[in-house]
Amino acid sequence: MNTPPISGLDPCVHCGFCLQACPTYLATGDESDSPRGRIVLMRSLARGSLSTTEPTLAFHLDRCLGCLACEPVCPSDVRYGTALEATRALIAQSRPVPLVARMVNAVMADRRLRRPLLGLARLVRPVAGVLAGQSRLGFAFGMLRATENGQRWGKQGQKTEKASLPAPSASSAPSALLFTGCIMEGLFSHVHEATHRTLSANGYRSTRVPHQGCCGALHAHTGEHDKAVDLARRNVAAFADCPESVIAVNSAGCGAMLKEYGRLLAGDPLEPEAVALSQRVRDVSQLLASRETRRGHTLALKVAYDPPCHLLHAQRIADAPRALLASIPGIEMVQHRDAAMCCGSAGSYSLTQVGLSRTVLEDKVNALIAADPDVVATGNPGCIMQIGAGLAAVGSSIPVVHPIEILDWSYAMAGFYDE
Amino acid sequence: MIPPEVLAALKAAVGPQWVKDARAELDTYATDGLPTHRSLPGAAVIPGRKDELLQVIRILHHHRIPAVARGAGTGLSGGALASGDAVLVVLTRLNRILKIDAENRRAVVEPGVVNTRLSAAAEPFGLHYAPDPSSQPACTIGGNVAENAGGPHCLKYGVTTNHILALDVVLPDGELLSLGSPSGEPWGPDLVGLFVGSEGTFGIATEITVKLTPTPTAIRTLLADFTLLRSAGQAVTSIIAAGFVPAALEILDHNTIAAVEASIYRAGYPTDAGAVLLVELDGMDELAVEAEASQVEDLLESAGARSIQLASDPAKREKLWHGRKKAFGAMGRLGSDLVVQDAVVPRSKLPDVLDQIGEIGERYSISLCNVFHAGDGNLHPNIAFDQTDPDLAERVRRASTDIVRLCIEAGGTITGEHGVGTDKMHYMPLVYDADTLGAMNRIRHVFDPLELANPGKVLPVHSCRG
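Protein sequences, first through last, are from chains E and H.
Just so you know, the first sequence maps onto residues 305 to 723 in the numbering used here.
Just so you know, the second sequence maps onto residues 1039 to 1504 in the numbering used here.
Because the hints were derived from the structure by calculation, they are not lab data.
Any given hint might turn out to be false.
[To be verified] Label pairs and their in silico Cβ distance ranges:
hint: 1; chain 1: E; residue 1: Pro359; chain 2: H; residue 2: Arg1096; range: 28 to 36 Å
hint: 2; chain 1: H; residue 1: Arg1102; chain 2: E; residue 2: Arg351; range: 30 to 38 Å
hint: 3; chain 1: E; residue 1: Ala544; chain 2: H; residue 2: Glu1400; range: 38 to 46 Å
hint: 4; chain 1: H; residue 1: Gly1164; chain 2: E; residue 2: Thr663; range: 44 to 52 Å
hint: 5; chain 1: H; residue 1: Gly1396; chain 2: E; residue 2: Asp676; range: 53 to 61 Å
C-beta atoms are modelled at their ideal positions from N, C-alpha and C, and glycine is treated no differently.
Model the full structure from these sequences, guided by the hints.
So, in structure tokens, the structure goes:
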């Protein structure tokens, strides 16, 4: 198995500006659970003064969410995330990736496993709300329930005036290829549909390419480097047929991974195509906010926007989703405390590091409940499920949806889709 | 090595997961904010409550094992390092703000409270905690007390010791003691003043009563840039000589500007400048501050400023300050290792001393960055280098010593705010004779006769007489 070298850590001068940005350090106060402490561990590993078999080394690196909140606050631009991926790949050579993570990775990577299993999950989904709770199983049902189509929450206000802008003509329309992913395809097809409709309503020709699949982020983040490379190659090949179109992504985690394909496939024969693909990737909020977003029907909703870490920290997209939500007439944006902090989802982390994941989530849930929105918006499947389950576990009925869904409700009520 | 029965007792006191003795974990506690110094502690303990902390100290005292207090580990003198026969007592979990008494402008906090979190908690009352070390988003009030921390705004508002009203401390033998008075008017000797800045050698503060300061409502921040570093230093002297007491007077030299402007905290400092000078004027009256700002602007112009930017809106001001306060962290771009000096010189000597520091840098062919509290004459020459190059490391060591000697000869001293710690201990005999050091050692023994609190720091025991 190939592992990339651990690099990008040299500029760390131990200043500590990352400490208070780190959710796990805030939860434990332990330097070993901080970015700076983990950088020390990774450097020692790279130098050979610590070995991967040292149990506490893997323990503290496993506990990193990979939220990357430490990167944008670093004055010296230390590449923490890249080093973490390389380190986890190295650790995976001497100790297997945690079983639960391996199972999740295997299911998501392979359509033949993913389709039936997620199909089964959809069958159970209608009763998941009843079973949601605080126990491990209850939390899992809460996560499943959060994947429901949120449309029923959007049926507020009544139809009045129609569109404020005419529908753009399709002739000169730029085309956008939807990245379908794994869990987004299986459990969030309503978000894909909403993405397709809202992009079309804003003058994009929205289409899909066949043979695409899971982006490999779950694999890269848990140390399955080779598997991530395989999945990246498949997607690079799938999107190479339409080299002119932008790639629209509605999952922050996938978008961040796709933007890293150039690095992931460094030295691979497909590297040039991977670099080109990375440059074509846009979060759907960027696509819509880059032009004047069409204004739909008034929605009298108080919305709390919770930025996904892989949008805010990894892709550094802060304003576009807010602008998109603010473009909807009648929306009132409410602020919650520490919005930029991770919710503790982090891919399979919420399943492999249950205790710490829940501790991190607790702050998020309390902050959201204090802000008392009608709906929480966040653009990543893991965050929707984690925050949704966290709210359900404390008996809150505040729904968590993708920002694009709210725009879609507004458009549906404006009658844009009746034309 | 820490004996197993001691580890067992510590685990019983704080819970097993809060006692760290595995090699990898200790590795992360081997340095503070100055990683050129490194020492693996025998163990690290992270108590979660005051009573747990007391138990830890009592256990260690019973077994005659030294204890070293550590906050966020952002200190710049190697002060929070423990050797293999000592236990690091990590105070990050003691992070509760116990009381904010807005009416009397004071707060009571545990030692692990982060500096900016205290100011954020005081903000709704129009108050803030004034001492603002550049590490303030990470460093703890306990660490600030230990080091008597300074910061840009200490020029006008005073350093940590001017803001500490009372302390509850645990002495190295486990005895609890209250020093000072919350009303700020204690009788007898100033024991709070003695304790603040003792660098963890007298004991550990368990509760700290601090003064809160009204947040100024009128603020003007000026950024002047100069062709020569020397002229920036002269501008500082002329502003102070004209009778102004700015909230802050900070200089960044050419190399520092380059590092900051390459980072995410780029502030718009002109990269071709020899130096920039940040001047902040504040008060409660818009017109008065405005008038002061325009007079200072004239002084800057006469001192040879090429251009002057005025920031009055909070966003622009924050940007200018971010550049200054994150400068230290940005120097990782210049080299993977960093040493920073903290010498103080009389303000009037600044221009000459800065020139001579530049000459020292050239003589040893090292890359020097000056970023400092000019109003206090508190210099921070930073030297970025690569420790794996032994020849370069030796030149850096020699240049550092030359800089310190130069500052002492100019009538200054070895540390303004970072503390002596491990890093500057060998400079102590340059400023104090053996009798004075001996007297300091005897004061230390009043608090810590067995030398169990942060031993081997601050005082070079072989140079102490009596």
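Outcome of the hint check:
1. E:Pro359 to H:Arg1096: 28 to 36 Å: At 31 Å between Cβs, range holds.
2. H:Arg1102 to E:Arg351: 30 to 38 Å: holds (35 Å)
3. E:Ala544 to H:Glu1400: 38 to 46 Å: At roughly 55 Å between Cβ atoms, Glu1400 (chain H) and Ala544 (chain E) fall outside 38 to 46 Å, so the hint is violated.
4. H:Gly1164 to E:Thr663: 44 to 52 Å: violated (34 Å)
5. H:Gly1396 to E:Asp676: 53 to 61 Å: For Gly1396 (chain H) and Asp676 (chain E) the Cβ distance comes to about 59 Å; the hint holds.
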